[in-house]
Each structure stands twice: as structure tokens, then as C-alpha cells.
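Chemist: Chains as they are written, first to last, in my numbering: chain A, 1 to 555; chain B, 1 to 335.
Rather than coming from a laboratory, the hints here were simulated on the basis of the structure.
Here a beta-carbon is modelled for each residue, glycine too, at the ideal position from N, C-alpha and C.
Do not take every clue at face value.
Unchecked claim - Pairs of lysine-lysine residues, derived as DSS-like cross-links and limited to a Cα-Cα distance of at most 25 Å, are as follows:
| id | chain 1 | residue 1 | chain 2 | residue 2 |
| --- | --- | --- | --- | --- |
| 1 | A | Lys102 | A | Lys62 |
| 2 | B | Lys215 | B | Lys269 |
| 3 | B | Lys39 | B | Lys51 |
| 4 | B | Lys172 | A | Lys102 |
| 5 | A | Lys140 | A | Lys224 |
| 6 | B | Lys39 | A | Lys62 |
| 7 | A | Lys174 | A | Lys218 |
| 8 | A | Lys468 | B | Lys215 |
| 9 | B | Lys150 | B | Lys172 |
| 10 | A | Lys224 | A | Lys174 |
| 11 | B | Lys172 | A | Lys495 |
| 12 | A | Lys468 | B | Lys58 |
| 13 | A | Lys75 | A | Lys62 |
| 14 | A | Lys468 | A | Lys495 |
| 15 | B | Lys39 | A | Lys103 |
| 16 | B | Lys58 | B | Lys150 |
To be verified - Computed beta-carbon distance windows for the label pairs:
| id | chain 1 | residue 1 | chain 2 | residue 2 | range |
| --- | --- | --- | --- | --- | --- |
| 17 | A | Ile350 | B | Gln137 | 42 to 48 Å |
| 18 | A | Met491 | B | Trp198 | 46 to 52 Å |
| 19 | A | His41 | B | Arg91 | 45 to 51 Å |
| 20 | A | Asp167 | B | Glu73 | 40 to 46 Å |
| 21 | A | Asp546 | B | Ser298 | 33 to 39 Å |
| 22 | B | Asp216 | A | Asp281 | 48 to 54 Å |
Claimed, not checked - Rough simulated footprint, nothing fancy, chain B against chain A, three-plus residues with beta-carbon under 8 Å:
| id | segment |
| --- | --- |
| 23 | 383-389 |
| 24 | 392-402 |
| 25 | 413-425 |
| 26 | 436-444 |
Here is what each chain is made of, one letter per residue.
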Amino acid sequence: MPPTALLHVTDLHINDPNSANEHLRDGYYDEYLADLVRAVHAAGVEDVHALIATGDFVDVGKVANFPHAKNVIHKLADLLRIPHQQVAVCPGNHDVNRPDEKKGDLEAARSAFRSFAETTGNSQATFNNLRASCGVLYDKLWFLMLDSTIGAEGENRAGRFEDQEVDEIMRWIKGIPVDEPLIVASHHPVDTYIAHSSAFDDPTGDWAQKHIWWEAAKLRERIKKERAGGVSVWLCGDIHRHGQFIEGAIAFCTAGRLGVTTSASHGEVRRQATLLQIGGDQPITGIRFEYEVEGGMPAAHAGSWTHTPIGFTRIIKEIPVPTPVPRPLVESSAPPVLEIIDPDFQRELINAISGNELYRFGRFVTGGDTVSLAWVSIGPLLGTGNTLEAVLSRMARWTETRILNDGSLQPEHVVLLGLDCWGAVFASQISIVTGTRAFCTSLRGDGAHSAPEESLNPALAAEILDAKAVVLVTDVVASGRSLRRAREEIMSAAKQPSALRWFAISLMCDAQQERGDMLDFVESHGTLCADLRMPLMSRYDLPEEDVLVPTLSFR
Amino acid sequence: MRVLPLIEGSDCDYSRLQAMAWAAGGASTLRWLTDLVAKQILAAVRRDAKKPLVIDCKGIQGVADHAFDLVREEIRASSRSILFVGADSLRIPLERGLGRAVATYQGELDVVIYGSENVLTRSEAFSTVETAIALHQQYLQDVIERSYRKFERPKRLLSTPLIADGVFDAQKIISKPEMFIWCSVALADRVERTITDWFAGVERSNTPADYKWLKDLRILAVSLRSSPFAAAVGLLLGDGLERSIEIVDHVGPKHRILEEHAIGTVLSKGQYILISDFVIGGTELKIARAYAEMRGGSIRFVTALASYLEPDAYGVPMMPLVNLRALPTPVSYQF
Numbered sequence: 001m002p003p004t005a006l007l008h009v010t011d012l013h014i015n016d017p018n019s020a021n022e023h024l025r026d027g028y029y030d031e032y033l034a035d036l037v038r039a040v041h042a043a044g045v046e047d048v049h050a051l052i053a054t055g056d057f058v059d060v061g062k063v064a065n066f067p068h069a070k071n072v073i074h075k076l077a078d079l080l081r082i083p084h085q086q087v088a089v090c091p092g093n094h095d096v097n098r099p100d101e102k103k104g105d106l107e108a109a110r111s112a113f114r115s116f117a118e119t120t121g122n123s124q125a126t127f128n129n130l131r132a133s134c135g136v137l138y139d140k141l142w143f144l145m146l147d148s149t150i151g152a153e154g155e156n157r158a159g160r161f162e163d164q165e166v167d168e169i170m171r172w173i174k175g176i177p178v179d180e181p182l183i184v185a186s187h188h189p190v191d192t193y194i195a196h197s198s199a200f201d202d203p204t205g206d207w208a209q210k211h212i213w214w215e216a217a218k219l220r221e222r223i224k225k226e227r228a229g230g231v232s233v234w235l236c237g238d239i240h241r242h243g244q245f246i247e248g249a250i251a252f253c254t255a256g257r258l259g260v261t262t263s264a265s266h267g268e269v270r271r272q273a274t275l276l277q278i279g280g281d282q283p284i285t286g287i288r289f290e291y292e293v294e295g296g297m298p299a300a301h302a303g304s305w306t307h308t309p310i311g312f313t314r315i316i317k318e319i320p321v322p323t324p325v326p327r328p329l330v331e332s333s334a335p336p337v338l339e340i341i342d343p344d345f346q347r348e349l350i351n352a353i354s355g356n357e358l359y360r361f362g363r364f365v366t367g368g369d370t371v372s373l374a375w376v377s378i379g380p381l382l383g384t385g386n387t388l389e390a391v392l393s394r395m396a397r398w399t400e401t402r403i404l405n406d407g408s409l410q411p412e413h414v415v416l417l418g419l420d421c422w423g424a425v426f427a428s429q430i431s432i433v434t435g436t437r438a439f440c441t442s443l444r445g446d447g448a449h450s451a452p453e454e455s456l457n458p459a460l461a462a463e464i465l466d467a468k469a470v471v472l473v474t475d476v477v478a479s480g481r482s483l484r485r486a487r488e489e490i491m492s493a494a495k496q497p498s499a500l501r502w503f504a505i506s507l508m509c510d511a512q513q514e515r516g517d518m519l520d521f522v523e524s525h526g527t528l529c530a531d532l533r534m535p536l537m538s539r540y541d542l543p544e545e546d547v548l549v550p551t552l553s554f555r
Numbered sequence: 001m002r003v004l005p006l007i008e009g010s011d012c013d014y015s016r017l018q019a020m021a022w023a024a025g026g027a028s029t030l031r032w033l034t035d036l037v038a039k040q041i042l043a044a045v046r047r048d049a050k051k052p053l054v055i056d057c058k059g060i061q062g063v064a065d066h067a068f069d070l071v072r073e074e075i076r077a078s079s080r081s082i083l084f085v086g087a088d089s090l091r092i093p094l095e096r097g098l099g100r101a102v103a104t105y106q107g108e109l110d111v112v113i114y115g116s117e118n119v120l121t122r123s124e125a126f127s128t129v130e131t132a133i134a135l136h137q138q139y140l141q142d143v144i145e146r147s148y149r150k151f152e153r154p155k156r157l158l159s160t161p162l163i164a165d166g167v168f169d170a171q172k173i174i175s176k177p178e179m180f181i182w183c184s185v186a187l188a189d190r191v192e193r194t195i196t197d198w199f200a201g202v203e204r205s206n207t208p209a210d211y212k213w214l215k216d217l218r219i220l221a222v223s224l225r226s227s228p229f230a231a232a233v234g235l236l237l238g239d240g241l242e243r244s245i246e247i248v249d250h251v252g253p254k255h256r257i258l259e260e261h262a263i264g265t266v267l268s269k270g271q272y273i274l275i276s277d278f279v280i281g282g283t284e285l286k287i288a289r290a291y292a293e294m295r296g297g298s299i300r301f302v303t304a305l306a307s308y309l310e311p312d313a314y315g316v317p318m319m320p321l322v323n324l325r326a327l328p329t330p331v332s333y334q335f
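In isolation and in its complexed conformation, chain A is listed as follows (with noise of 0.2 Å):
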């Protein structure tokens, strides 16, 4: 199959046309999207061969939107030249009738959207039902549009997804072949990763409940292990926030909103819209849109779109054993599950850590028989940008998404420990999202610098043995000595054998370097950053210290 091109746009949220705020009105859209068009043109594409816009076209149920929704796609479609049955459109949350849905009645809030998506795209569906289209949409392009919305119950999240739904579903999969791509759309994002960047539009303690399609986990296992060898890309939006991953057999890719009004409290947040290019040399690569305004104010009508190449981060969700390096520290099991929190933002920190000249060489002892060969200056770092504020809210949304939505983890059941300075200061910040209980500890230098009150005390360890789960929160992760000394220290004054959880969360943690089984009572541990290399080695492996005098010791 050719190249194929494709624009992905989402989150029109049609308020109302008729007025000046906003950039689809009435008498606005046709010059804005035709400087889209310009924009994807001066970025070298010529044929776009398929549009796919995944919901929200109208803002907080005003189906009477709908025509004018309407118009906005098809204008797009008719200056890229596509023709309208190689247009393809999801529902969003804000294109039910809530009322209606609350009543149970799923036909009746879909029907306005559905007399819309008839009439705009979907013609060529080959299976139909109320949850999804499926169909080809250009060639040997496939599409399978699903409705996220269904099974909320009128709640503002994205729904149930029964397995029976499922399975119908993986028949028609079943007969698409493998080596034709299938573009998989819904407007709720399947999974975290991309999701974890949404900050600043919902940066609430339970955004991941509603934003997160998590029944919709059981279909995109099934595709990956159906389609494996194959393309299959699955778009969406909601969450008003650009991302792109390749995880097993799928590219997710999610565009931030092509609308909303102007003076929108995220209103500086850039418009945007996704072309994918699928075939050719790589089997997926993107171009990014934004549309910059101009001047301090986000003003109706000021602007102009530019463009940027996007590429896909493949996730490694575990990390292999590494091959043994010479004279292990430690003999090596299987490292535990370290989790990248936010692939996009890692790359923002090592950026910013070369930047800045925040890195240095040499010789780090902070205690018992390891060396670290490298320093990562904390504070400056994260006094670059709003990189502190950006690690709050990522952790916080870590400890919601994978500790707290558990089921069996209540807040009140969970402490958080931080470990020394900044770890005290992210485990402070982000109790007061999630509503866990802080403590702090100092645990550098062993201790042997800290006041009883500061080190883990029997009663502060009485404490954190009452809780269920135990987040260990701190800057850098070297020889996870610390971590474990941690939990020692803490058992230890358990009166009997305790269940407690645990888990971990840290800004850096090279997971390339061999921990033998320093962390293996670590049930999950998110990391900001672990793709940097922090070099250990065996104080015995190196001089005496009179001999290459370390640039820092905490002895």
C-alpha cells in the first residue's frame, strides 16, 4: 500500500457560532481552517487522503451545534480535497444529551450525533452497531470508530465496555488483514501515558477516572496480540493535550482541541491538529499543527498555524535484564516493574539537565559501599521552567492512577514517606491532591546527620505501620540502598509479620543499573526519569580515597 496521509483533529467544542469568540464561529471558521490547510501544504503534503475528527464537535450537549460542526468538517474535507465517505467521526462526551443518557435512554442522547455522523463521515461503514463503525476509509485503510460515552450512565467519564461488545468487535477485526492498517479512534484515551501530560486542563485527583477509557484496556490488549506484525494506530482526544507512543503493535497518537472559546481559562493552550503519514519508509510518522496566536491576548481572530515533525517513543513497560557487566555489585535477579511516568516529559528533563550543565562527573559517596560516578543538581533543576510544578502534578497523578485507583487503596489507607529534602517536598505536595498522609525522614549520610526526630523513630514507624501502603518518595533512586534501608528500619519495629504495600516514586532512577534485589519488596515504582545514566560502581573497584578524593562525601 502507498503512503497514506491522514489529519486527525478533535475537541472542536462548538459553543456558539455566533459569536466572536471563537475561532469555528460562523463567520470565522472557513479563513481559520483554510490557514490550516496552508500550514499542511508549506509543510510539504500535498494528499491527504483521509480526515478523522474524534468528538466533542459541540460544547456541553448544544446539539443544536450539530449542522455547524457539520459545515466545519466538511470545509476541512473540501480544502484537502477529500472527498466526504473518506471522513471518519467518534462521539465525545460533550456530544450526549445528558439528560437523556442519565434516563437511560442511549438512542435518544445519541441521535442528534448520529443523524450528525451519517450525514458527515462513516459512509462506508461495513459494520454498525451503537458502540462503533467499522469500515474501510481510503483504499486498504481501515477505520473502526468507537463511542467511548456509552455505559457512563450521564456521568462525566468515559464508559463501561462489556466483553460481549468486545468480542463483536474483534470479529470484524478478525476480517480486516493484518497487512491492511487499521485506524482505531475514540475520543477517550485508552491508556496513561499520554494522559499523564494533561496537567494543567484537569489536574484534579480524579482526573483518570474521568478521562481514562480503562474498560477499553480488554480490546486494545486483544488488537495488539491480533494485529501484531501489522499497522494500527489509535487516535484520540478529550484530554485537549498532544501525545504520541508505540506501544506493542499499536501508535497511539492524541491531538489537543482544534476549538474551544477564546477567553477559555486555558485559553493560551495552542489549537491543533495531527497529520499521520502511514506507509513508506517508516511504518508511522507525524507532523504536529499548532496555531500560535499573536500578541498576549488569545484574540478570535489573530494568528497563524506552524509545524513541527512528532515522533513516536516506543514504551518499554519492563525492563529487560541487562546483560552483566564485569564484577556485578551485586548478584542480579529480575529488576522490578520501573515505570517511565511520562515519556515526552523525560526527554523535557534531559534536555534540561544537559542544558543547564546540571550533570557532573566524579565521585559521589553518599553512603555504604557504592559510589555514584555521577550528580544531577535537584534544585536548579527544578527551579528551570515550571519543571517543579510539572513533577508535582505528574507524581500525584502516578500515585492516583496506579496506587489509589487500585480499588482496594483508600487514601487513608496509603502514607507517603519522603526520603530527605525533596523528598519531603514532593510527598508534602502530593497528599494534599491525593489526601494520603506525608511523613519525612532523613536518610542521607546514613543518618549520622540527622536529629532523632528527623530518622525513621519508632513512632513515626508505628505510624506508617498502620496504613496499608507505603510510597517511598524521593529525588534520585542510585543504589536503592536507601529505599530499602527505609523499609528495614520500619519493619523492624512492627510488633508482628505486616502486609504492608509498597511503593515507590522518584524524579530519576537510571534503569539500566544493576540493583540485584536492593528494590525487589517494590510492587511499582514511577520514575520521571530513567533513561539517563547514573553510573555506581564498588568503592573497592575505585582508588583510595587519598588517592581520587571524592567530589563529595556524605560520610
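Position chain B against the provided structure of chain A, taking the given hints into account.
Modeler: Quick look at chain B alone, frame taken from chain A:
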């Protein structure tokens, strides 16, 4: 909604929009009244049917579109008086979101009232605001008093040559999100008031160049339990201070600097605002001053949860939340 920052009193309740924004959305949304903050307001309104609710608007710069969509009707129909204090720049956005106010009074701080049709008079409204401010201060005093842990017998503290009956432990405050929020907000208020006074001094001065150090302001913490408060103050105040948080581990109680400051990678001639937990003899403060001055800067101002001596006894401008000698439960320190 996990944490609702609300101080409930017998005559009125008190809250703060920025505290609500913090609890609702974390550090990245501290200056906006979003729909989540609006839900917090509604939750606070629902807690009582009668007492006035005073909501301090300090620190909030704007109101998000549609923030009040889901709560507007219930707030407007409430039988309690909801007083938004310091709402000078928010009056129009509040009106857009909540509709016309029941009453608006202008004074040193504007008060915009919604809710009950039994309109408070101007003097009633400002009296209620004063009561709410006193309620907040009493809350802080109670929180700090409860952080005290008495020893079995007097002993010498590690951080100071004094012998004490007990110790104040900021850990008890940090571990409770609501207490941590309120103490941090109060510390930020003290810092903001001081910075405002400094800038007012620049305007009055004939030699504004004497104030050029204001561009080098940094927030400083030099101990484990001060660090969370220092970071919170920087984040709450924003305006660049969130990027100027300097944490030096470990100036006290045992004196050994455990940070790259010891190897000179961090270079700053900061003009420091020191955030501390408890300042008793002032030993840690003296060492922090030496640290700042050796790096070419100085400590310009100190705020802390509490101090024992009178503020001017420490040789640096200081404004604690509470003076320990004013607590009902006596604490004593001696050589």
C-alpha cells in the same frame, strides 16, 4: 474531592480560594478558580445552612470559563451569606459565573456577597470578615500547639544549647494535608506582605538602586521539616519565586551540609527569605545567615511556624505565625 480546606467556627466559617485550588488541582493551578474550585465552594456552602461563609480570594488571578456551570444555581439559592473577600479584580468574572451579587461593599478589601437574601449590612459584613480572620489565626495557634510533644523530663535539644520540656514537631503538621495547607498559606501571606512593603519602599525611595537586591530574591530552607513549607510558599506566591527555591540539606540540627552546595556547583548571591519550622534559640538561623553571607548574599527576612523569643531578638526581620510564649500551654527553655 479528598481535602476540603475549611475552618469552621461558631459564628462563621472561613476558607481561601487558593487553598481550595491547591487541594483540588495541585501546584499547577494555584491561581485559577476552576470548576473544581467551584465544587469545593459548593461543598463548603453545603456544610452549614446558617453561618456566613467567608472566602478569601487572595492569590487568585482569574475565573475559568464554565467554572460555575454545575454549581451556580445551588450557590445562588443558598440560605447562607457567602462573602468573597478581596474580590476586587474578580468581581466581574464572579458576576459572569454566578450572576449578580446580592451586595457589594468596597473598603480596604472589597466584599462581594452571594447567597442569602437577608443581606448583611456593610458593618455586619466587615465585622464577619474580621471574625473570620481571627478564626484563621486561632486555628494556626491550635495547630501549632498540638504539634508539641512533651518529654518525660527536661532535656537538652540537639539544635540549640537550651534545655527544654518538650519539642515542637512540624512533622505532625506536614502529615495532615489540611493543616499543612493552612500553615503554608499563612507563611506565604507573611512573605507576600513583606515583599509588598519592600516594593512600596522602592517607590518611596529617592535611591531605588539601593533596592536592586530585590531581583535576587530566593526562598531558602535549611532543614528537612522546613523544606515542604519553603516549597509551598514559593509555589503559592509564584511570580518567579517557584523557580527560586533553594534547599540546603543539612545545615541543622547537626551541622553538615549534605548537598552540592558543598562542592560549589550551586552559585547564587541570593537575597534570601528563610522559611523555618520552629525558631527557638536561633542557632539554625545564625548558621543560615553565615551560609548566605559567605555566598555573597544575605537573609533579608525570616518567617516560621513559630518562634520563642521576640522577633527582633534574632537580629533579622522576622514574622512568625505564632509566638510560643503566647500559647496557653506554657513552654520553657533554659540554659
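Chemist: If a hint holds in the structure, say so; if it does not, say that too.
Modeler: Cross-check of the supplied hints:
1. A:Lys102 / A:Lys62: Cα-Cα ~16 Å, so holds.
2. B:Lys215 / B:Lys269: Holds: Lys215 of chain B and Lys269 of chain B sit about 11 Å apart, inside 25 Å.
3. B:Lys39 / B:Lys51: Satisfied, since the Cα-Cα distance of roughly 19 Å is no more than 25 Å.
4. B:Lys172 / A:Lys102: violated (44 Å)
5. A:Lys140 / A:Lys224: At roughly 19 Å apart (the allowed maximum being 25 Å), Lys224 of chain A and Lys140 of chain A satisfy the hint.
6. B:Lys39 / A:Lys62: holds (23 Å)
7. A:Lys174 / A:Lys218: holds (15 Å)
8. A:Lys468 / B:Lys215: Not OK: Lys468 of chain A and Lys215 of chain B at ~47 Å, beyond 25 Å, violated.
9. B:Lys150 / B:Lys172: holds (14 Å)
10. A:Lys224 / A:Lys174: Given pair Lys224 of chain A, Lys174 of chain A holds - Cα atoms ~12 Å apart, limit 25 Å.
11. B:Lys172 / A:Lys495: Given that 25 Å is the threshold and the Cα spacing comes to 23 Å, the pair holds.
12. A:Lys468 / B:Lys58: violated (38 Å)
13. A:Lys75 / A:Lys62: holds (21 Å)
14. A:Lys468 / A:Lys495: Status holds; Cα separation ~15 Å.
15. B:Lys39 / A:Lys103: holds (24 Å)
16. B:Lys58 / B:Lys150: violated (37 Å)
17. A:Ile350 / B:Gln137: 42 to 48 Å: For Ile350 of chain A and Gln137 of chain B the Cβ distance comes to about 46 Å; the hint holds.
18. A:Met491 / B:Trp198: 46 to 52 Å: holds (50 Å)
19. A:His41 / B:Arg91: 45 to 51 Å: At 47 Å between Cβs, range holds.
20. A:Asp167 / B:Glu73: 40 to 46 Å: holds (44 Å)
21. A:Asp546 / B:Ser298: 33 to 39 Å: For Asp546 of chain A and Ser298 of chain B the Cβ distance comes to about 37 Å; the hint holds.
22. B:Asp216 / A:Asp281: 48 to 54 Å: holds (52 Å)
23. 383-389: holds (count 6)
24. 392-402: holds (count 3)
25. 413-425: holds (count 6)
26. 436-444: holds (count 8)
Violated hints, listed in ascending order, are 4, 8, 12 and 16; each of the other numbered hints is respected by the structure.
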